[in-house]
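Chemist: As a plain string of letters, each chain reads:
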Amino acid sequence: MSTTYLEAIREGLWEEMERDPNVFLLGEDIGAYGGAFKVTAGLFERFGARRVVDTPISEAAIVGAAIGAALMGLRPVAEMQFADFITCGFDQIVNFAAKCRYRWNASVPMVVRAPSGGGVHGGPFHSQNPEMWFVRTPGLKVVAPATAYDAKGLIKSAIRDNDPVLFFEHKALYRRIKEDLPTEEYTVPIGKAKVVREGTDLTIVTYGAMVWVALEAAGTLAEEGASVEVVDLRTLLPLDRETVCESVKKTSKVLLLHEDTRTGGMAGELAASISESVFEYLDGPIVRVSAPDTPVPYSPPLEDAFLPNAEKVVEKARWLFRY
Amino acid sequence: MSAADLAHNCLYYMSLMREVEDRIERKLYRQGKIVGGVYVGRGQEAIPVGTALVAEPGDVLFPSHRDMAVFLIRGVTPGRILAQYMGRAGGVTGGRDANMHMGDLNHNIVSIISALAATVPVAAGAALALRYQGKNGVVFSYFGEGSTSRGDWHEGVNFATVQKLPVVFLCNNNQYAYSTPLSLQMACANVADRGPAYNMPAEIVDGNDVLAVYEATRRAVEYARAGNGPYLLECKTFRMTGHSAHDAAHYVPKDLFEEWGKLDPITRFEARMLAEGWGTQTEIDELRAAVHREVDEGVAWAEQSPYPDPATLLDGVYESS
Ligand SMILES: Cc1ncc(C[n+]2csc(CCOP(=O)(O)OP(=O)(O)O)c2C)c(N)n1
Ligand SMILES: [Mg+2]
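Chains A and B are the protein sequences, given in the same order.
Heads up: the first sequence runs through residues 1 to 323, numbered per this note's numbering.
Heads up: the second sequence runs through residues 1 to 321, numbered per this note's numbering.
Read the hints as simulated data drawn from the structure, not as lab findings.
These numbers come from a predicted model, not from an experiment.
Check the hints yourself; a few may be wrong.
What the hints assert, rightly or not - If you only want the chain B side, here are some residues facing chain A, beta carbon under 10 Å, derived:
hint, residue
1, Val-92
2, Ile-113
3, Thr-119
4, Val-122
5, Leu-128
6, Gln-133
7, Gly-156
8, Asn-158
9, Asp-315
10, Tyr-318
11, Ser-320
For every residue, glycine included, the Cβ atom is placed at its ideal position computed from N, Cα and C.
The shape of chain A in the complex, shown without the other chains:
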């Protein structure tokens, strides 16, 4: 029976709650209602109000309380109703959680789940990809799975991790993708990228929903005779530069792709790392495909123009091949 991305996250939460009585959930409307997206549906019935805690609309309190509980040895998983609202708990994340270990050697084993991303016509406040605000905060870990398999394996690893982990789950993938998951238990390591398609002529480095765009583009390019390798970062912090650079060494061309806006996006950091480490292997410029530097617009034609898609990737790749 195949499992959706959303169900995979729920299964991961469920298994970890069964396994470890210290794991509990907190967030808005996550209890009997099951969460805005129904990720936590059924967990309240199984684990009760003690372990599935409905909170007031208080992102600072949700994150803060998760930190306090984590300091006391529990493993809280906090839900932001939309990743866009994580800003209301920003200080708690970047100043409190991220710095506890470095400042006074205190573990904060908490997870903050954040449904992020566009393509659902959610407009400027229900579509953002805020991961880079956190990727430049040492002390945090940031993951962004693209597949149901990784979503389940990474949420389990995130819960077991002794550092604070932000888990960006892409809303547009929730019910759109599914796959058969192993029946036996597994986890996916944090900090390891994955080559999801092998190729020899071009590397596309991406993450989240854009992995599917990259694969679609790779299919089109294959018909044109180009062999494209796709690297799914899976974790954004700590960043697996090694897997990226290994792939670039093999293909000598690289296209960096993200749904996030351009300036200060992950592509910039990747470009710098590639240039520093494997410059002599490149036989073309490092190119980017990303959303432009605007808020996420609401109306479908505007949002379609905003979001990267396979066409834009193919066009950029062709340009690079001609270079």
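Dock chain B with the ligands against the given chain A, drawing on the hints supplied.
Modeler: Below, chain B with the ligands without anything else, positioned relative to chain A:
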């Protein structure tokens, strides 16, 4: 504990806090041995002392920046504290953070961050964890009156009251937040006036009377420990210094310093001890001498502590690194 023993403890910790902070602010800071800013609780010692003496070992404390005695009462040595202020490896954070930004879970003390009131929701979460774990601990959440203007304060208090968590909210109302007087901080006259909005008992106490603070804290802690939910205690006091060592507080009317100077919690309590027969002048003199010696030893210990090794710069960002 007998009344005399309690009195002795109160005087000892108030005097120790005063001496540690005097040494830091009036001596080491001026000698250039302190790195960064210095904030003291001179004149407010009765509050951390009267509250923290109530805490049980399993209670978890979140001291703010004028609550030095909390650390001393929980057993953090003056040497480690002084080394902290000097940025030494032997300091509570080993040179990773400054001044009162220190925590040690071995003593059930959680470190503040700079952002005021950010600890309030964290304190609520700690209380949630204590209840979750079936422990009967209470969380002590400290802050100044100015901090109650922040959203984090309200979010934390609201969550704690909705969940009926075992937290005591301990406010030092010293009437100033940096240069800002109470009247520009809030439209109500007392921090305690915020209690009813959260359906939380709130009590005002003379924050310069250590036994009054102690008794009120006992009521608050008993209420919270019994599972009734949070309790707010507003301790009225006055900041007898500038906001920090660099601030001469010209904005504070002089007569307020004079008026409140007469209510100094230590001088007042010494007189009370003698009047009640809880101690003799000789005992008080001996206590003062002992405190001096202890702080001398602490300073010596801190000064011999090395600075942290720059080779450790990258360590401890994550568990494995
Ligand atoms: C969020 C935030 N804003 C500003 C500051 C700077 N600041 C440090 S202490 C202080 C005054 C605090 O007043 P209060 O809460 O009454 O405590 P007190 O210093 O009087 O004990 C200010 C404004 C800060 N630390 N955090
Ligand atoms: Mg104040």
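Chemist: Each of the hints needs a verdict: does it hold here or not?
Modeler: Consistency of the hints with the structure:
Because the closest C-beta pair between Val-92 (chain B) and chain A is about 7 Å apart, less than 10 Å, the hint holds. Hint status for Ile-113 (chain B) relative to chain A: holds, with the closest Cβ pair at about 5 Å, below 10 Å. Using the Cβ-Cβ criterion of 10 Å, the hint placing Thr-119 (chain B) at the interface with chain A is satisfied: the shortest such distance is roughly 8 Å. The criterion of a C-beta within 10 Å of any C-beta in chain A is met by Val-122 (chain B), whose closest approach is roughly 4 Å, and the hint holds.
The restraint placing Leu-128 (chain B) at the interface with chain A holds, with a minimum CB-CB distance near 5 Å, inside the 10 Å limit. Restraint check, Gln-133 (chain B) versus chain A: the minimum CB separation of about 7 Å is within 10 Å; hint holds. Because the closest C-beta pair between Gly-156 (chain B) and chain A is about 6 Å apart, less than 10 Å, the hint holds. Among the interface hints, the one on Asn-158 (chain B) holds; its C-beta lies about 6 Å from the nearest C-beta in chain A, closer than the 10 Å criterion.
Because the beta carbon of Asp-315 (chain B) sits about 8 Å from the nearest beta carbon in chain A, less than 10 Å, this interface hint is met. Given the 10 Å rule on beta carbons, the hint for Tyr-318 (chain B) holds: about 5 Å separates it from the nearest Cβ of chain A. Interface restraint check: Ser-320 (chain B) against chain A, minimum CB-CB distance 9 Å, threshold 10 Å, status holds.
Of the hints listed earlier, there is not a single one the structure fails to meet.
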